[in-house]
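Student: Chains as they are written, first to last, in my numbering: chain U, 1 to 261; chain G, 1 to 275; chain B, 1 to 266.
FYI, nobody ran anything at the bench for these hints, they're computed from the structure.
The model shown is predicted, which means the values in this text are computed figures rather than measured ones.
By construction, the Cβ of each residue, glycine as well, lies at the ideal position given by its N, Cα and C atoms.
Some hints could be false.
[Unchecked claim] What follows is a set of in silico ranges between Cβ atoms, one per label pair, in the way DEER data are often shown: (1) 24(G) / 185(B): 31 to 41 Å; (2) 66(B) / 162(U): 47 to 57 Å; (3) 258(G) / 66(B): 56 to 66 Å; (4) 24(U) / 136(G): 15 to 25 Å; (5) 60(G) / 84(U): 22 to 32 Å; (6) 258(G) / 133(B): 20 to 30 Å; (7) 133(B) / 181(G): 23 to 33 Å; (8) 64(B) / 258(G): 52 to 62 Å; (9) 117(G) / 68(U): 23 to 33 Å; (10) 268(G) / 246(B): 23 to 33 Å; (11) 140(G) / 255(U): 14 to 24 Å; (12) 68(U) / 115(G): 26 to 36 Å; (13) 18(U) / 48(G): 26 to 36 Å.
[To be verified] Pairs of lysine-lysine, DSS-like flavour, derived with a Cα cap of 30 Å: (14) 224(B) / 194(B); (15) 173(G) / 194(B); (16) 27(B) / 262(B); (17) 224(B) / 173(G); (18) 107(B) / 194(B); (19) 165(G) / 188(G); (20) 165(G) / 262(B); (21) 173(G) / 27(B); (22) 262(B) / 188(G); (23) 153(U) / 176(U); (24) 107(B) / 262(B); (25) 194(B) / 27(B); (26) 165(G) / 224(B); (27) 173(G) / 153(U); (28) 262(B) / 224(B); (29) 173(G) / 188(G); (30) 188(G) / 27(B).
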Amino acid sequence: MRASARSLAWRLALPLAAVIAWFGLSRVLTSPTARMMFPPPEAIYDALVRLSTTTGLYGIPMLGAHMLDSLWRLGLGFGAATAVGVPLGFAIGYFRIAERCLDPLVQILRPISPIAWIPITLTWFGVGTPTVVFVVFYGALFPIVLNTIGGVKGINRLYLRAALTCGYGPFAILRKVVLPAALPAILTGLRIGLGVGWMSIIAAELVGTRSGLGYMISEARFHLDIESIVVGMLAIGLLGLLTDRGVRWLQATLVPWHGKL
Amino acid sequence: MQSGDVARKLPFRAWPAAVGARAPLEALQRVMFVAVALGAWQWLAPRLVRTGPDFFPLPSDVLHGFATLLTTAEFWTSVVSSVGRVLAGFAVATLAGVPLGVLIGASPRFEALVDFSVEMLRPLPAMAWIPIAILWFGAGDVSSVFLVSLGVFFPVVINSAAGVKATGRVYRKAALTLGAGPLLMLRKVIVRGALPYVILGCRIGLGVGWMVIVAGEMVGAQSGLGFLIMKARSFARIDWVVDSMIVIGLIGLGLDAAIVRLQRWAVPWWGKEGT
Amino acid sequence: MRPKLQARHVTKRFPGGGRTGEILALKDFSLDVMTAEFLVIVGPSGCGKSTFLNAVAGLEPVDEGELLMDGRLIQRPGPERGMCFQEFALFPWLTVRQNVEFGLEAKGLPRAERGRRASEYLGLVSLSGFEERYPYELSGGMKQRCALARLLAVDPAVFLMDEPLAALDAQTRLILQTEILRIWGEERSPATRKTVIFVTHSIDEAVFLSDRIVVMTARPGQVKEIVPNPLPRPREDRMRGDPAFARLSMEIWDLVREAALKAIEL
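Turn these sequences into a full structure, and let the hints guide you.
Tutor: Structure, rendered in C-alpha cells:
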C-alpha cells in the first residue's frame with residue numbers, strides 16, 4: 001500500500017478541482033438569473049454565516065435550531081423504533097407462536113413506504129413534531145425488525161443444540177447464545193434503519209412541520225433562496241455522515257469479531 | 001416419554017420449520033391471524049377512535065374507496081406518470097452508474113480519485129435534493145426524473161464497484177493463466193462476475209427511486225401518485241389516501257419482483273452453493 | 001538436456017506481518033525442473049510452495065533471482081504455464097462447456113472449433129454429457145475434472161497444480177490421483193507427456209504421483225532435499241500397500257516433520 005502524500009493529493013484532486021471550477025464559473029455567470037440558479041461560493045458562505053448567527057426563538061441561531069429539531073425528532077423516532085423493533089424481531093425470530101401472528105402483519109405493512117404514510121399521519125396528528133416522529137419511527141422500524149429476525153434465525157442451529165446439550169433452558173439460551181450471535185445483524189439493521197429514518201425525516205419535514213432542516217430547505221425554495229437551500233443540504237449531509245459514523249463506531253466496538261461490511 | 005420430547009416441546013427453532021403435513025396448518029394459522037387483525041380493525045377501532053372515510057377509514061371504507069377510485073381517469077394517469085418517471089430515472093442512473101461503478105471497482109487509482117467525493121455525497125439522502133431540483137427544473141417531469149436518477153445512482157455505483165472487487169482474485173488469476181487478454185478479461189470475467197452485484201444495486205436503487213418519486217410528487221408536482229395522495233387528503237378523502245398507500249406499496253413490490261425475476265434469469269448461478 | 005524450468009536463487013518478500021514488517025516467503029530458492037517430469041513439492045504450511053507456483057505462473061514478480069522457462073525469463077502469466085487451483089476457480093457464470101472454451105476463445109479460435117475441442121477434452125476427463133451444466137451443479141471431483149479439461153484445452157507446456165485435490169473428500173482424492181496420471185499420459189511414451197509441478201501437503205499423494213519429490217523447509221522457503229521416486233510406472237492403487245511405498249513415505253515424512261512442527265508453533 002503506497003500510502004504516501006501523492007496518494008492523499010490524488011484523493012483530494014477531484015473535490016479541489018470541483019471547487020476551483022465552481023469559483024471560476026461563478027466569475028463568468030454574473031446575470032441575476034444565473035446567480036439564482038448557480039450561486040457563487042461567497043453567497044453560500046454568506047448564507048451560512050447569516051443562518052448561524054441570526055437568532056430565532058430562544059436566542060439560538062436558526063441553523064442550529066433547525067438542526068437540533070431534526071436531530072431530536074430523529075432520535076425520538078429512531079429510539080422508539082429500536083425499543084420496539086429489536087424485541088419484536090427477537091420474538092418473531094425465536095418463538096414460533098409470535099412468528100405466526102406477527103410476521104404476516106409485518107410482511108403486509110412492509111412494502112408501504114414511510115413516505116406514503118405522510119399524508120394520513122398529517123391528517124391524524126396535524127402539522128408538527130408527532131407527524132415527523134411517527135414517520136421516522138415507521139421508516140426505521142422495518143429494517144430493524146427484519147434484520148433482527150434475520151440475525152436470530154440465521155444463527156447456526158449447531159450453537160443452539162450445543163447449548164441444549166449443556167442443559168440450558170429457552171430463556172437462558174436467549175440471553176447467552178442468541179443475543180450475542182444476533183448482535184451483528186441487529187447493528188446492521190440499526191444502521192439501515194437510521195438511513196431510512198434520515199430519508200423519512202427529511203421528506204416528512206418538507207411538508208409536515210414548521211421547523212427542522214427539511215422545513216428549512218422547503219421554505220427557502222418558496223423564497224427562491226437557493227443559498228439557504230445549499231446550506232441546509234450541507235447540514236443534512238453532515239449530520240447524516242456523523243450519525244452513520246456513529247453507528248459504525250458502535251458496530252466496531254460492540255462486535256469487533258465481525259468482519260468488515 | 002420419548003427421546004427428543006423435551007427438545008420438541010421448546011418454543012424456539014432449534015429444529016427446522018414444519019414441513020410436509022404440518023405446513024398447510026401453519027399457513028392457515030397465519031391467514032387466521034390476519035383475519036383477526038382485520039376484524040379488530042373493522043369492529044374494535046370505532047370504539048377507540050373516530051372512524052370514517054374522512055379520518056380513520058375502516059376496511060369497508062377502504063374497499064368502497066377502491067371501487068370509486070379505480071374508475072377515475074386521474075388515478076390511472078397518475079399511476080402511469082409515476083411509474084414512467086421512475087423507470088426513466090432508473091434507466092438514466094443505471095446507464096451512468098454501472099460503467100462508473102465497474103470502473104471504480106476495477107481500477108484502484110480511479111477509485112482513489114472519486115472515493116472521497118462519493119463518500120461525501122452518499123450521506124445526503126435524495127430527498128434533500130427535492131427543493132433544489134424544483135427550483136432548477138420546475139415542478140414537472142424533468143425534476144422528477146432527476147430526483148429518481150439521484151436516488152438510484154448511488155446504490156448502483158456502490159454495489160457495482162463492490163461486485164467488481166468481489167469477483168474473487170482467484171478467477172482473475174485463472175483467466176490470466178488461461179491466456180486471457182484485457183478485453184476478454186473485462187467482458188467475460190469482470191463484468192459477468194460483477195453482474196449479480198450490479199443487479200442487487202439496481203434492486204436497491206429502484207426501491208429508493210420509487211420512494212423518492214412519491215415524495216417528490218407530494219412536494220411539488222402536478223401529477224403522479226404522490227400528488228394524487230396529497231390531493232385526496234386535501235379533500236378529506238382518507239379512504240382514497242389509504243387506497244393510494246396500498247397501490248404505492250403494491251407497485252413497489254411489483255417493481256422489486258420484476259428485478260428478482262431478472263436476477264433469476266440473468267444470473268441463475270448466484271447464491272448457490274460454491275459461489 | 002536443458003531443464004524446462006529453472007529457478008535460480010529466487011527470493012520473494014511480502015509486506016506486513018512479523019517483527020520486521022515483512023514476510024520472507026522464499027529465500028535463495030533454486031530448482032531445476034526437467035521436461036516431461038512429474039515434480040511434486042511438499043512442505044509445511046506457509047513454507048512458500050504456493051508462492052513459488054504463483055511466481056512461476058508469472059502472477060507474482062520475484063524480488064531477487066530469476067525464473068526461466070526454456071531459457072527465457074518468465075515475466076507475465078500465459079497459457080504456456082497453465083494453473084490449477086485448490087478452489088477449482090471455475091467461472092460460476094459460465095457453463096462447463098463455456099469454461100473449457102474460455103482459453104480457446106483467448107486464442108482466437110472460431111466458435112465451431114472451440115465447441116469441438118471442448119467436447120473432446122471433456123470426454124477425456126469423463127465429463128461428457130455435462131456440458132450445459134453450471135459449476136454449482138457439479139460435485140467437487142467433477143469441478144476439478146472440469147478445471148483440468150479447461151487447462152488441457154489451452155495445451156500448456158507446463159502444468160502448475162496448487163493443491164488441486166485438497167478440497168475433495170479422501171476417496172475422491174485417491175480416485176482423481178489415478179485420473180491425473182492417466183491424463184498426464186502415464187501409459188504413453190514420455191515424449192508426449194507434459195511437465196507438471198504439483199504442490200501438496202499430502203505425503204502419500206506425493207509418493208503416488210511423483211518422479212521426484214522436492215521437500216521444502218519452513219518459512220523462509222528453501223529446498224531442503226530432492227528425493228527421486230524409484231517406484232515403477234504406471235502407478236497402481238495396489239502399490240499403496242507395498243513396503244517400498246511405505247518406506248518412501250516415511251523417508252519423506254522424516255524430512256518434513258521437523259519443519260511441520262515448526263510451522264504449527266509459528
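Student: The structure should be examined with respect to each hint, and the outcome stated for every one.
Tutor: Here is what the structure says about each hint:
1. 24(G) / 185(B): 31 to 41 Å: Roughly 60 Å apart at Cβ, these two residues miss the hinted range, so it is violated.
2. 66(B) / 162(U): 47 to 57 Å: For residue 162(U) against residue 66(B), whose Cβ atoms are near 54 Å apart, the range 47 to 57 Å holds.
3. 258(G) / 66(B): 56 to 66 Å: Hint holds: Cβ distance 57 Å, inside 56 to 66 Å.
4. 24(U) / 136(G): 15 to 25 Å: 20 Å, holds
5. 60(G) / 84(U): 22 to 32 Å: 29 Å, holds
6. 258(G) / 133(B): 20 to 30 Å: Taking Cβ atoms as reference, residue 258(G) and residue 133(B) lie about 28 Å apart, which means the hint holds.
7. 133(B) / 181(G): 23 to 33 Å: 27 Å, holds
8. 64(B) / 258(G): 52 to 62 Å: Given range 52 to 62 Å: holds, Cβ gap about 57 Å.
9. 117(G) / 68(U): 23 to 33 Å: 28 Å, holds
10. 268(G) / 246(B): 23 to 33 Å: Because 48 Å falls outside the window, the suggested range is violated.
11. 140(G) / 255(U): 14 to 24 Å: Once the Cβ atoms are compared, 47 Å apart, the range 14 to 24 Å for residue 255(U) and residue 140(G) is violated.
12. 68(U) / 115(G): 26 to 36 Å: Taking Cβ atoms as reference, residue 68(U) and residue 115(G) lie about 31 Å apart, which means the hint holds.
13. 18(U) / 48(G): 26 to 36 Å: 55 Å, violated
14. 224(B) / 194(B): Holds: residue 224(B) and residue 194(B) sit about 25 Å apart, inside 30 Å.
15. 173(G) / 194(B): Roughly 21 Å between the alpha carbons, so the hint for residue 173(G) and residue 194(B) holds.
16. 27(B) / 262(B): 17 Å, holds
17. 224(B) / 173(G): 29 Å, holds
18. 107(B) / 194(B): Answer holds: residue 107(B) to residue 194(B) is near 20 Å, not above 30 Å.
19. 165(G) / 188(G): 15 Å, holds
20. 165(G) / 262(B): 35 Å, violated
21. 173(G) / 27(B): Within the cut-off at roughly 24 Å; holds.
22. 262(B) / 188(G): Cα-Cα ~43 Å, so violated.
23. 153(U) / 176(U): This hinted pair holds, its Cα atoms lying about 15 Å apart.
24. 107(B) / 262(B): Answer violated: residue 107(B) to residue 262(B) is near 45 Å, above 30 Å.
25. 194(B) / 27(B): Satisfied, since the Cα-Cα distance of roughly 28 Å is no more than 30 Å.
26. 165(G) / 224(B): Given that 30 Å is the threshold and the Cα spacing comes to 38 Å, the pair is violated.
27. 173(G) / 153(U): 37 Å, violated
28. 262(B) / 224(B): With Cα atoms ~14 Å apart, residue 262(B) and residue 224(B) stay inside 30 Å; holds.
29. 173(G) / 188(G): 13 Å, holds
30. 188(G) / 27(B): Distance of about 37 Å is beyond 30 Å: violated.
The structure shown violates the earlier hints numbered 1, 10, 11, 13, 20, 22, 24, 26, 27 and 30.
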